[in-house]
Structures are given as structure tokens and as C-alpha cells.
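Peer 1: For this one, chain P is given, so just place chains E and H on it according to the hints.
Residue numbers (numbering that gives the first Met the number 0), protein chains in the order written: chain P, 0 to 316; chain E, 0 to 279; chain H, 0 to 515.
By construction, these hints were calculated from the structure, which means they are not laboratory data. Positions of the beta carbon are idealized from the N, C-alpha and C atoms, including for glycine. Hints may be right or wrong, so weigh each one.
[What the hints assert, rightly or not] Label-pair ranges, simulated between beta-carbon atoms: (1) E:35 <-> P:294: 53 to 61 Å; (2) H:431 <-> E:53: 51 to 59 Å; (3) P:294 <-> H:267: 42 to 50 Å; (4) E:241 <-> H:214: 44 to 52 Å; (5) H:214 <-> P:89: 30 to 38 Å; (6) H:114 <-> P:47: 25 to 33 Å.
[Claimed, not checked] In silico DSS-like cross-links for lysine-lysine, where the CA-CA straight-line distance does not exceed 25 Å: (7) H:127 <-> P:55; (8) P:213 <-> P:129; (9) P:55 <-> H:404; (10) H:190 <-> P:55; (11) H:189 <-> P:55; (12) P:29 <-> H:404.
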Amino acid sequence: MVWVRYVGGRLLALVLTVLVGSVVVFLVMKAAPGDPAVAALGESARPELVAAFRAKHNLDVPWALQYGRWLSGIARGDFGLSLTVASDRPIAGLIAARLPNTIFIGVMALLIAVILSLIAGTIAALRRGKLADTIATSLAAFGISMPDFWLSYVLILVFALGLGLFPAYGFIAPAQSFTGALYSGFLPALAVSAPLAAVFARTLRTSLLEAGNKDYVVAARSFGFHPAYVFVHWIFRNALIPYITIIGLQIRYILGGVVVIERIFGISGVGSLMVDGAFARDYPVVQACAVVFLVIVLSVNLVVDVVCSLLDPKRAR
Amino acid sequence: MAVLLRTLWSNRTARAGVIIVGLFLLAISVGGALMPYSATDMDFLNLLTPPAWTHPFGTDSFGRDVLTRVLLGGRVSLAISVTGVSLAAIIGIPAGLAAAWYGNPIDQLLMRCADLLFAFPSFVLALFLMVVLGFGVTNVILAIALVYVPIFARLARNLALTVREEAYVQAARLMGQSTARILGREILPNIMAPIMVQASISIAFGVIIEAGLSFLGLGVQPPTPSLGVIMADGREYFNQGPWVLTLAGLFISFGLLGLNLLGDGLRDLTDPKLREKTTS
Amino acid sequence: MSNGGLRRRDFLGSSAATIAATQLPFSYGAWAQGASTLRAGITGYNVINTLDPGKATLIPEFYVIWALYNGLMRLDANSNPTPDLAESVKADGNTLEFKLRTGVKFHDGSEMTSDDVKFTLERLLDDKFASPNKSKVSGLSAIEVPDASTVRLVTKEAFAPLLTFLANARTGTQVLSRKAVSAAGDDFGKKPVGTGAYSLKDWVPGERVSLAAFSGYFGGAPKIATIDMPLIAEESSGVTALLGGQIDLTSTAPFADIPNLEKNASITVLKQAGLNCRFVSLNHRKAPFDDPAFRRACSMAFDRNALVRAVLFGEGVTAHGLIPPSIGYAYGGNNRPLCTYDPAKAKAELAKSKYPNGAEAEILTWGQSWWKRMAEVFVAQCNQTLGTKFTVQVTEANTVFQRHKSGDYQGSIWGWLGLLDADEYLYDIIHSKGWRNFYGYSNPKVDDLLERARRELDQGKRGALYKEAENTMIEDMPVVPLFVSNVHNLMTKKVQGFKQLPYSNWGDQFANMSLS
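Bound conformation, chain P alone (with noise of 0.2 Å):
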């Protein structure tokens, strides 16, 4: 019963936060200047069409009441229609055709970011202070000290044009072809992967000397129990709990902070959607992307929170 309240009231506080989320989205997107209508129609626009087009997509009415009929769309499952980044195309559709791209080239990232750091990481914790821990934590600095667009051209030079291992631009779909989003997809990975993996070895680091400091961890080494028994059945365990907690909390930069390498590699992700949406004022297209942000992040944040209390060991005894 605990477990179902538990949920049961974040998942009331995830809904009001979309809610909230979606009208500041809204009014930000509102105060903004520039016209949809302009973006649409092009520089060449006569008034009438913009009164036209207006008047078409709801522009005209107070905002109180385009949101009102936005969000009873919304509740509908209707995402409406996009303005200006691809002309009256369902927005659901434009999602529907941009989110495994986005997922995919996460997961993937993150995946090469888990097996880098969970080397580094235990590397530098078990060499505490030595040549080792120096070259796996200043390798981690590094990985969050170079600009991912700058990552992402050296990648392409070296690996794509250079070596010509890789494309050096393109990305096929994984429903076209998932060996194809494999191979196509591996270089923006790689770049998005470069700043993860440092945070999660750093953090992974840490935690695993936090860890090894605990006191029954010195009791149970002082009892005599192998080192390595020792790390993986306590250190390790106790350490993952930050680790999934900071993968968790990177969910939001595979969605939408790896913009400039979706456009240097051309990737068309959801991240990008909403950026083309915010520069051409494509109002609903931006609300949709904000809504499908805000429910991923903080329905992952939710699930990596009860993953983290089932592995607490003092809630396991």
C-alpha cells in the first residue's frame, strides 16, 4: 500500500508539473517576437495571408483560449498541427518519426559511456591516488572539456573522411535498418557519449570511495573477508545507487542537449524539432516537444528512484 501511494503520488505530481511545464513553455513562446506566419509564408507575405493563416491556426483568439484548445487536444491525444517546421503535419507523426532516432542514438551513447566509466571508475577507485587514478580521472576531465560540436568534426575527420571507417554524415533510421543505425549511428554516439562517460566515471569514482570508507565495509575487511567479496558484495552495490541515480539524470542531455551533433551528423532527433520549432515560432510543435521532455524525464527520474530503493541494502534485508 505504501509502494502504491508512493507512486500513486508522484505520478500525480509528474502530471502537475507537465501542466505547469506546458503554460510557461506556452507564455515563453508567446513573449517571444517574431510570427509564425512570417516564417511560414516567407519575407514575400501580403497581410491577407497572414490573416489567413492566422485565423487557420488559431492565432487570433485570446491565449488563454488557444492553450484552453491546445491542452484539450492534448487530453484528446491530439498534438495538433505543425505551423511552420513542416506545414499542417500531425505533430504526433513528427514525434512518432523522431523519437526512436533520439532513443536510439541515447541508448547507444550511453551504453559506450556505462563500459568506459565502469572501467575508469573502478580504475581510479582501487588506484586511489596512484599514476592510474591520475590518467583515468584526468582522461575523464577531458571527455567534459572539449565542446561536443568540436569533438564531432575531429570524429569526422579522422574516422569518416579520414580513415573512412564510418559515414561522415547521415543516419538511417533503425526501423530501416538496425545494422545500418548501428554503423550509421556510432560517431554521434560516440561524441554524445564522450561527456557521459566522464561524468559517470567521476561519479562512479567517488562513490566507490564513499563506499569503501563505510564503516562496515572496514569491519567486514577487518573480519578478513577477500577484498574482492568485499568490493563486489558491499562497495560495489552501495556505489551503484549514485551511479544509476547520475545515469538517471542524464536522461535530459540525450534528448535534447545533443542538438548541434543531431545537425552536424544529420540526425533528425526531438531535440532538434523543438529548436527548429522555437527559431520558425512553431508554437505548438514547441509545447508538443516540451510534453514529451517532460514526461520521459520525469517518468525516468521516477523509475530510477525506485530502482534506487529496491537496491538499498537496508531496505533489502
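Peer 2: Chains E and H only, in chain P's frame:
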């Protein structure tokens, strides 16, 4: 100061960080003055000349010396990031302290706002603000601040919660000290170390946000150089003059590496939970 | 968590496919569908709103439209209109009589008749349809169709640019099928039906458009079966994609890359002076640009040759007027003293102006790339020569348009491209009633010359009128002409038959192309 430096020196990571940051600061503060060129004067006879002794980083498409621009740009980028992060700290820390001290409903309200901001990717958030406010330095600073306000607020709140019940805080309270005094004199100094760690890492990432925004053409206005502007220019003629993007990127990565190492080292040194216990 | 198991099985299944795939020579996914697919990247753009010529405004929209439809006319290599859907055209005073080609089929199999032409033009003229391209045909007073293969267009007075406007270019007059448009209604822009060599196969907004060869095309079935057109927002990514072998042809190329690409033996670079003009638009309603002497001083204060070198990397020619060299009969050359760098004369002109000392002005521009760089060089040189305090304000295109239209600007980097007729370059831009005249320029003498040119059907005489109008206009320096940039296409060596025209043509060439 001397004590702090000596402590930092004892940690290999922090030592590397201090050295790199020191070199970086030295380069951007006096380096520009040592260069015989101006960062903005165009020289149409020397367009895109490759690196050589006269121009160690080559020239850009307007014939400007890239090294001079990178040094000045580093100063501009760093200043923008530091200002943005400081602004975030000035707003975020008091908000976080207030949330911890007064509890609900202020706590709930602030943390829900932070949650909301946290749900959006920081770069998208920054971009968004630029679209609404328009382009330019001030708005880049505001965008960076907006990204970091929730981070500082949440950090300060969580840290303050852990020390709130400590004896010295309770003592100050019983002595009837004002809230502002307790927060400022008792709590803040005791939570400062992790905040400094966060700040050094944030400044590094702030430079990257600035670079990203300027890279998309939204940031610093010409002719002022920033690292992002230089890289954006460099990308445009990357095939003809690859040195502009490559060297500017290396320079920025080097400087930020120092900041990040410094942050790592600081964390190692200051986190009480990480102080090694003897196991014998 | 049961999903996890499913996903894992999917993954295993796919890795089995990996093994199978690696035994074949690796084919790069959807973009390599055999030799009969042309991968033609639309570079520099990622928005296509509609494929309805009557509604289209953006260049990438026309790139595709040119492949899907035909006009009564098309432009030949010298930008002169020649018959396309028309077999012949006869001009007689205010009347143009077109004999239509017979046996032309639309993509839906129906036959094109004079009624479809009438429908197309009436649709453009219909106020309710609100076409952005209406002004191109608004001179028409009657559309007569004496029989199924004859169309007679009557104008109130002679209107010289009309034939050009009826070509398969950026004017939206491509011939549509009455039946198909009526059937599709508002959706026609998404389900285009034309007479062109290709029909729409697939369209993923913001990502790609694919076309399929139309076997019933009146010019004979095209050789390439499929055209795949990814929308590549970054021009530089287009180059990367071409060099990396992911596309075969680009619609543009970044100026900076041209010198290096020309040295690359594996690709072909096509280039020529384009149909465009780039200028600094000056607001005559605001200081300091309300003073013609000050505007003239600015025009002589910077070196256009340096601008072409530093901004275009040499990929263009200096402009001393608004009409580009590709419109030969009206081109006034580039040796006007008022548009030549001359610091002494510039300072003398400045001294005569109302703002001799350090005038301040904000020059708007947008985005990154060369638009921004134009402003940078112009501002830096003006400041150096004249001691002015100009600054560059970079913002986004949307905001620049808005501020232009509302008159909320001092100066702005501006330009037009893809306009075809001299009339569009001068009447629209500097006639006091021209709709692109945002800066409030008005000179009765210029107005009169431009109106006369519209009525003059003799090309030689018409050209002389335009030259005179430009000579008159340049004294007032309503805008500061900068340069005409080259148009570029990049292709791999296997692409054959693409003929570049100065108006940045594209889809109209697909019918003649093949892959070796």
C-alpha cells in the same frame, strides 16, 4: 591562500589542475598584450595563412591573427561563464538556504521549480532563452545563469539540510542569532567546499554553453571574439583553414581540462566521506 | 521489466542479420538503393512546407516543384524563356497565344488541356486562394481557351516580364490538373500531381523527399528511377556527405570550400555567376541613412573586391547596381565610380552630409556564415574610412524580416536570389510602390523609367531603360550594392547530364540526368 595552495599541491589531480588553470589564466590575461596584433584589425593581404612563426595559430578569413583572437576570446568566454555562474550562485544559494531553513511550503515550491527546469536539457533551455530575449552577450550570461540557478539551489538546500541540525547551528540558534547571521556565518562557510567544486565544474561547462550558442550564431556579437565565435567562423572554412577550428578547440579543451581537474581534486580533498580511513 | 526480455530477443535477432549482411558487400542502408537512385542532397535548408506551386515561397520547395511540374515555358541556358508545355507562342500587342503540346499526361494519367492552364492561372488570381505568387500574373485581364490546345492570355497593357513569369521557375505558374487539385482540395500541397518527369514517392517532413520516375513523361521516361533528396540543414554537412559518399549531388556549396573542392579529382564543381544581388539595405526614414550624401559616402568607403575575397573566398563578382550580369541585356556593368572604393571621395562626401562626425548605426544581419561576415567587413571598413561608429547586430532571420517590414532598423544586410526578370530586381526593390522596397525610396524619374520598361517588348530598348534607371538610382544610393555571388553544385563523377543555370535550378534537370 598559501595554505589552500599547499593543500591543493598535495593532491596530484588538483596539482595538475592548478598548473593548467594558472597557465591558462596567465595566457589569456597577459598573452594578448604580448601579441603584436589586434584581435579585430583585418588584413586582406593575409587571408587564411597557415600557422607559422609570425602567426603561430595562422590567420582567419579576414586576415586576423587567430592566436590573438583566441587569447582575447578565452578571456571573453571565461568572463561570460564566470559572470553567468556567479549570477546563478547569487540567486540559487540563498534560495536553497531559504528552502532548507524555512521548510515547506517554500521548500516545495522552490524544488518543484527546480524540477521543472531540470526536466529540460540545459542547452535547449539556454537556446530557448536566447530565442525569447534575443542574441548577445547579456543574454548568453542570463542563459548560463538560468541553467545553473536550479543546480546551485538544490545543492545548497541539500547541504544545508545536513548541517542544519549540527550542534554549532543549534547553539547559534539558542543564542538568539538572526536567521541571516546563522545562514551566512554558520551554515554557508560549512557547505562552501562542495559549492566551490560545483562552481569550478560549472564554469567549465558554462564556457561550453557559450561556445555552443556562439557556434550557432546566437552569442557574442562581432567584432568581439569569443571561443565559440572563433570556432563557428573556423568551421565555415574548415576545409581551407582547418587550423582555426582545430587549434581554438584544443585551446578551449586545455583550459577547461584544468578547471575540471581542479574541481576533481578539490572534491577529493574536501569531501569528508572520502578521507581515507585506516583499515588495519 | 518483461519488455527488457523482448528487446533483448529483438537485439539478438538483429545481430543474426548483421552477420548475414556483412557477408554481402556492405551496402549503406537506404541511401544506396542501386545505380538507379540519384541521391541529391538539398543543402542549406531543412524546411519544405508545400509542393503546391501556387503556395510555394521557399527555394527548397521550388527545387522539388521543378521536377514535378512544367510551365508553359522554361528558361534556356541564357535565361530566355522557350516553350515547354507550350509548343509555340505568338505575341501580338497585349495578347499572347500559346499552342499547347498534345498528348501531355499528368501523373494521374489524365491528359493536360488548355482548361488546366486556365484553371491554374485563375487559381493564382483568386483572392480566396491568396497565393503569394499572385502578383506575377495580376496583369492578366482575360484567359481565353478557344480549343483544347490553345490558350490566349490578354493583359491590360503590354507586360514584358510575363513570358518569363510563365516559365518553370520561382513564379508558381506551373500547370496543374483541374481534376487532381479539385480532388485533393487543401491537401494538394502534400499530394502533388503534375506533368513533370518525376512524381512524389515519399516525403518525411524536415528529413527527405523522394521522387519516382514518371514513365508517361512527355519528354520520354527518365533514366534514373528514383531521386532521393535528403534535406541537409548545414551546407558544410552537404560537402561532408558528398565526400563521404552518402550523396551524389548537392544543391549548393559553401563558398569557402570551393577552392579546395576544385582540386579534388573525385568530384565535379559546377559554378557560374548567379541570379542574385546582395546589398546593404538602408532605412531612409532613420538617421543617419536618411541623407543621400551619407549613403554615397558609405558606398565608396569599402573595397568590394576585398569583400568578395574575404566573404565569398573569391566566389562572386562585385556589384555596382542591382541587376546581375546574367541578365545581360539590362546589366549595367561594374564600373560606376559611386560604387568604387575611394577613401578620399568618401570622406569628401561624408563632409557634405548631415552626419560628418562619427555617426552611429546598427547593421542587422543573421545567422552565422557569410551573411554575418558581410556585415562584419562592411562595418569594419566603413568605420576605418569614415570614422563612423557602426556596429553589427547578429540575430535570427525571422527577427530581421520582422524588423525590416516594420521599419524598425537602420541598416541591414539584405539580398534576393532566384529572381528571373530585370523587372523583379528593379521594380520590386526600388520603385516607390515595389513591395520589396522596405526602406521608403521614392524617385519619380526612376518610377517612370521602370513603368515604361514594363511596357517595352523590345529587349534592347527595355534593357536601355533599366540601365538608365540604375544610373539614376545610384546617385541616390537607396541601397548599397555589394556583390553577386556564384551559384554552385557539387557532383560525384558518376552523375551525368546536370546543366546548371544561374537561377540555382535543380529538379528541372533530373529528366535529362543519368548515372554512370
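Peer 1: Does each hint fit the structure? Answer for all of them.
Peer 2: Checked hints:
1. E:35 <-> P:294: 53 to 61 Å: With Cβ atoms ~57 Å apart, the hint holds.
2. H:431 <-> E:53: 51 to 59 Å: holds, 53 Å
3. P:294 <-> H:267: 42 to 50 Å: holds, 49 Å
4. E:241 <-> H:214: 44 to 52 Å: Given a distance of about 47 Å, which is inside 44 to 52 Å, the answer is holds.
5. H:214 <-> P:89: 30 to 38 Å: Holds - the Cβ-Cβ distance for residue 214 (chain H) and residue 89 (chain P), about 32 Å, lies within 30 to 38 Å.
6. H:114 <-> P:47: 25 to 33 Å: holds, 28 Å
7. H:127 <-> P:55: With a Cα-Cα distance of about 13 Å, the restraint between residue 127 (chain H) and residue 55 (chain P) holds, given a limit of 25 Å.
8. P:213 <-> P:129: Measuring from Cα to Cα gives roughly 21 Å; hence the hint holds.
9. P:55 <-> H:404: Holds: residue 55 (chain P) and residue 404 (chain H) sit about 23 Å apart, inside 25 Å.
10. H:190 <-> P:55: holds, 20 Å
11. H:189 <-> P:55: OK: residue 189 (chain H) and residue 55 (chain P) at ~17 Å, within 25 Å.
12. P:29 <-> H:404: Status holds; Cα separation ~20 Å.
Against the hints set out earlier in the document, no violation occurs for any number.
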